[in-house]
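Enquirer: Each chain is listed here by its residues.
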Amino acid sequence: MTGAQIAAKAATQTTVISRRSKKDTRRESGFALIMWGALAIICLSIAVLLTTIVVDGLPRFSMDLFTNQPSKVNPATSGIQSAILGTLYLMAITAALVIPVGIATAIYLEEYADSTKWFNRFIELNIQNLASVPSVVYGLLGLAFIVRGPLDLGPTLMAGGITLTLLVLPVVIIVAREAIRAVPPSIRDGALALGATKWQTIWKQVLPGSISGIATGVILALSRAIGETAPLIVIGAAVSPRFNPDGLGSAFTAMPVQIFAYSKDADTQFLELASATILVLMGLLLLMNSIAIYLRNRFEQKW
Amino acid sequence: MPEKTDTAESQITKPMDEQSASSSAHHEVSPHLEPKPAEAAASTEAIFDCKGVDVLYSGKLAVADVDAPIMKNEITALIGPSGCGKSTFLRCLNRMNDLIPGAEVRGSIVYHGQDLYAKDVDPVQVRKHIGMVFQKPNPFPKSVYENIAFGPKVVGMKGDMDEIVESALRRASLWDDVKDRLKDNAFGMSGGQQQRLCIARALAVQPDVLLMDEPCSALDPISTNRIEDLMLELKEDFSIVIVTHNMQQAARVSDKTAFFTVDMTGGESNRVGRLVEHDITEKIFTQPSDKRTEEYVTGKFG
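In order, the protein sequences belong to chains L and P. The first sequence maps to residues 1 to 303 in my numbering. The second sequence maps to residues 1 to 302 in my numbering.
To be clear, the hints were calculated from the coordinates, so they are not data collected in a lab. Treat the hints with caution; some may be incorrect.
Within a straight-line C-alpha distance of at most 30 Å, the following computed DSS-like cross-link-like pairs (lysine-lysine) qualify [stated by the list, open to error]:
hint	chain 1	residue 1	chain 2	residue 2
1	P	K158	P	K119
2	P	K291	L	K198
3	P	K136	L	K302
4	L	K302	P	K142
5	L	K198	P	K183
These stretches of chain P come out as covered by chain L in the derived footprint (C-beta under 8 Å, 3 or more residues) [said to hold, decoys possible]:
hint	stretch
6	132-139
7	147-155
8	196-202
9	241-255
10	272-283
As the structure is a prediction and not an experimental result, all values here were calculated from the model. Note that beta-carbon positions come from the ideal geometry of N, C-alpha and C, so glycine has one too.
In isolation and in its complexed conformation, chain L is listed as follows (with noise of 0.2 Å):
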């Protein structure tokens, strides 16, 4: 029998189980089509994005960009060394800062915290809705608490630092819980059962059971607070300072600030500036994502 023959038997023959509509076909494809739209916008948009910043950057991409530093008068010879090595700092401020407030705080709500009473659940709602804050608020908290007010450190590494811990720890917080939460109860239940105490338990089994989630997130979240270039800017970071940053008390830049005060200019030769600041910012935040990627999949615990 051909094709044809079976096909016209089919059409005579009423058979048990009821033959593919032409609707139900048509609706599929309309659906993949959409999808396939979708992941076009993506691609494309990214696609055009990197086009233009390696065609604008490249040619500034040498050693001259990590060995000068910045200069609103002179883009020939303009680098970016302090704005590399401002972000660099802060990036070590926010971790020295957020992994110790971050994983405390989520081994106190997931271990400790009894979910029955208010004020925790105050805590914690309050925590999920921290994480969604736009940025240039915590800049301005930053800057009223930070800078200036109470704790008074003016425009430095370290107030940058701070007020980058405040905009991520929520993130740190969630991350973290979500990976201890994922240690099975009967992990902790093992155990107490044999004389250990709470904190013995926490300390050698459950933190060791979620350490390789907990640092995904730091990871995404630090790759956050180097991108933020909101509440640098309300906060006060110098822009284009010709000096390296030299201790937590310095004033800074960071890559994000120099791009920005890069791009306003109407020169082009610091428009390609920025393009190749952006260029080792991108670089920066991929290695930073590939670790986060390396160290799921290396060192996730399967239970």
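Fit chain P to the known structure of chain L by using the hints.
Expert: Chain P in isolation, oriented as in the chain L frame:
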């Protein structure tokens, strides 16, 4: 069981000495948990004496009025239909119920002459003496060696860790299976091996009592058999309380059996677990004194 009494007699004194010597040498035991000499003489046989034990969850009665002495160097099986509170009662014996928010235990559970629920008793200290094995094997996601060594380390046992690990594994008759892969992750073992590892882990802190909450329910018959054999060996040195859904298992391994049932006289939403009968296993299975026990063991309900 005619020879029962005289073997039991000889077992009492020997491990008793061993245990008190080892516990003072290895752990920093709170003074409250040492058997009081005056009462020790009166209760040489009973390791737990439970009187009027009620368990409440958020004020709601879950298990009511359990009176049961649990004997030393015996296996006591807790049987009964689902929801009769046998696991809940088991978890009272090492204060694991303390971990459940809203759980409350009333009445008295006297362990070696000391009330486990007295105000000055630290539940962490209780669990060093009274080990537990759970329904589903729950090894730590670490090596076989680290699984065993965790307990001795946290309770601060002194001595050569390699020896402690080896002796615990030998006692759980797991040594020959794992001696060449002590560094391998415990998650790679079979379910039966994992459960014996959990038993070995519990034994490593040198407890006095082993509580087992349906330890074989996730295992195949061969693994179950090995664990039952192991229990019979272990009762030489330990007292064992086992919750089981499997009546044949209770009949095979236990010396005493406690039958719990669900009391629904207060209505479906007020189910309360009660101890119906607690006696020599043979008697429970052949001539129980309560009709409900008879119906359960003969398979008429449950």
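Enquirer: Work down the list of hints and note, for each, if the structure agrees.
Expert: Evaluated hints:
no. : hint                 : in the structure
1   : K158(P) with K119(P) : holds (29 Å)
2   : K291(P) with K198(L) : violated (44 Å)
3   : K136(P) with K302(L) : holds (16 Å)
4   : K302(L) with K142(P) : holds (12 Å)
5   : K198(L) with K183(P) : holds (26 Å)
6   : 132-139              : holds (count 5)
7   : 147-155              : holds (count 4)
8   : 196-202              : holds (count 3)
9   : 241-255              : violated (count 0)
10  : 272-283              : violated (count 0)
Hints 2, 9, 10, counting from the list given before, are not met by this structure.
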